[in-house]
Amino acid sequence: MTAVDRTGPVIRLEGVTKVFDGSGHSTTAVHDVSFEARRGEMVLFLGPSGSGKTTLLTLIAGLAKPTSGRVALFGRGVDEYSASELQSLRADKIGFIFQTFLLIEALTARENIEIVLRFCGKRRAERARRTRTLLAELGIEYLADRFPRAMSQGEKQRVAIGRAIANEAELLIADEPTGSLETRQALGIIGLLHAQAKARSKTVIVASHDLRLKDYADRTLHLQDGEIR
Amino acid sequence: MYAIRTLRSQPLRLALTVGGIALCIVLMFFLLAVYRGVADGSVEYIRQNRADLWVLQETATNILRGSSILSADQIYAIARTPGVRTAAPVLFLLSTVRHGGQVGTVFLTGFDPDKGLGGPPQLSWGRSPRVDDEIVLDRSFALKFGFKPGGEVDLQGHPLKIVGISLGTNAFVIQYAFVTLRFARNLIGVPGLATCVLVNAEPGAGLGPIREEICDVLAGLNAYDQETFLANNVHEMRSGFLPLLYTVAAIGAIVLTAILSLLLSVNILERRKDFAILKTLGSPLPFLWGLVIKQAVLIASVSCAAALILFFPLVQVIERVSPEVTTRSTLGQIAGVIAAVLLMSLVSSLVAIRRLRRIYFLEAFS
Chain A
1 MTAVDRTGPV
11 IRLEGVTKVF
21 DGSGHSTTAV
31 HDVSFEARRG
41 EMVLFLGPSG
51 SGKTTLLTLI
61 AGLAKPTSGR
71 VALFGRGVDE
81 YSASELQSLR
91 ADKIGFIFQT
101 FLLIEALTAR
111 ENIEIVLRFC
121 GKRRAERARR
131 TRTLLAELGI
141 EYLADRFPRA
151 MSQGEKQRVA
161 IGRAIANEAE
171 LLIADEPTGS
181 LETRQALGII
191 GLLHAQAKAR
201 SKTVIVASHD
211 LRLKDYADRT
221 LHLQDGEIR
Chain B
230 MYAIRTLRSQ
240 PLRLALTVGG
250 IALCIVLMFF
260 LLAVYRGVAD
270 GSVEYIRQNR
280 ADLWVLQETA
290 TNILRGSSIL
300 SADQIYAIAR
310 TPGVRTAAPV
320 LFLLSTVRHG
330 GQVGTVFLTG
340 FDPDKGLGGP
350 PQLSWGRSPR
360 VDDEIVLDRS
370 FALKFGFKPG
380 GEVDLQGHPL
390 KIVGISLGTN
400 AFVIQYAFVT
410 LRFARNLIGV
420 PGLATCVLVN
430 AEPGAGLGPI
440 REEICDVLAG
450 LNAYDQETFL
460 ANNVHEMRSG
470 FLPLLYTVAA
480 IGAIVLTAIL
490 SLLLSVNILE
500 RRKDFAILKT
510 LGSPLPFLWG
520 LVIKQAVLIA
530 SVSCAAALIL
540 FFPLVQVIER
550 VSPEVTTRST
560 LGQIAGVIAA
570 VLLMSLVSSL
580 VAIRRLRRIY
590 FLEAFS
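Just so you know, the sequences run in chain order A and B.
Residue numbers for the first sequence, in the numbering used here: 1 to 229.
Residue numbers for the second sequence, in the numbering used here: 230 to 595.
Derived by calculation from the structure, the hints in this document are not laboratory data.
Check before you lean on any hint, since a few could be wrong.
[Said to hold, decoys possible] Not the full set, but computed from the structure, chain A residues with beta-carbon under 7 angstroms of chain B: (1) Leu63; (2) Gln87; (3) Ile104; (4) Phe119; (5) Asp175.
Here a beta-carbon is modelled for each residue, glycine too, at the ideal position from N, C-alpha and C.
Put together the whole structure using the sequences plus the hints.
Spelled out as structure tokens, the structure:
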């Protein structure tokens, strides 16, 4: 288990810049971004495609290293974690919701959720119990043995949320979680994420271009050309 | 389940891979079975003729690939050595057997029927030759050329009756045939010669003194006890056959490993998004390695099962088409090949696992 600070901000970015070096030219995806997020807070990064939202999320999750600046997760600089500590952190404390849900096609809904519980070291019986509970809470028990190819977009997204919260993560990172959903489904999903922040004191970071989400966020940070405006 | 389901999602590719690997395994089973068959066929004659000593010209250490000629005087002197109860001269020649249009070369073994040594090790039909116009043929040789038990063959112009069919006398490249010593000597036209002498000692007589007497007193001879002589012949057979066997088996193993590595690598590349997601979700690396290793072991196991199903009927067909190919499979051989295949599947997965390092977290977000 990785030692974390439970009193300070969950995420703290200080002057973070990320530059991608290509052949002969470089692209600044994120420029001098500073912000912090606390427990129970839902922060929305709003910006058009190519504004650096996804890059910012990967920096926040410790999946990429900033070119300059500092990223701290749970009170500790990301560069102070070893590779295995970061892996444990992702397994135990961070939940991810990807743009197109990205469920594992070869696994059923139940298995998609169970697999993350395995990564955080839960025993088989506990995994089964927790998965059953989650499927019931999300109202998708009927999907338990269904493969993603046999699910609707909304159903997939609910399973993806189940997977993200299965490990009772303290930090939820969602990349365009409503991108391919109709309004009713989108609002249902964002309502679920909002509930995670407020009822369960999770920190929820959402990157989206979907203006419908603004009303649910505690803070909305507008991102354009890699900078917070 | 992930490992199994992703493999099953491409049934044709899986079937081709399993088929290719199964054929490599069949090849390895077959080579070992042929080796065992040749090994037995090459030395069974020596193993079954339990002589206390094998006496040859001192330059020859075996009968498979060595020249030895003993004169009548030497053979007589061996028989007169103190402690020798029986001295049975045996003459080996290469000769051709004909019947109708069929002609085959045999390792003709002339032995003295009265001495009880040097004859066929086992008979599947009939009896040993007693007189000069009788012959015993190896079973696979008789089958290959269609020589019938009880029939007649021509050996260098001499008609001989087939009175027996022998087993354990197929050395793959050539097969033994048995005639009387007198007949064999008549063929070469030099009386009294032999290739070697099989010696049995008097009860209670030590082999050491007899050997010393033969080697020291009778110049130019060497005497080997049964164990040493058998080992010499096994070594000779192996040195001629094993390099070929190892080369072909190694090629089979390399092809198997390459096929499996290729399939596993393609699977990883096709599922790289899955692996990127799993990495991002906090999967420990050993879990991802485990998925690849499971697939490798699974394919190897299914291939082994398919190879076992294919192998035995295939051997029957080959032995029917080419009777000189005598095979013998043991449980140990089969277990050894399966263990080697499982080991190679692990090597294949290690090759494929290297690709996991080049799958990045960011791929889950693209």
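Results for each hint:
Against a cut-off of 7 angstroms between C-beta atoms, the interface hint on A/Leu63 holds, since the closest Cβ of chain B lies about 4 angstroms away. The interface hint given for A/Gln87 is met, as the beta carbon of that residue sits about 6 angstroms from the closest beta carbon of chain B, less than 7 angstroms. The closest approach between the C-beta of A/Ile104 and any C-beta of chain B is roughly 5 angstroms, which is under the 7 angstroms cut-off, so the hint is satisfied. Satisfaction of the interface hint for A/Phe119 is found here, the shortest Cβ-Cβ separation to chain B being roughly 5 angstroms, below the 7 angstroms cut-off.
Given the 7 angstroms rule on beta carbons, the hint for A/Asp175 holds: about 6 angstroms separates it from the nearest Cβ of chain B.
The structure meets every hint from the earlier list without exception.
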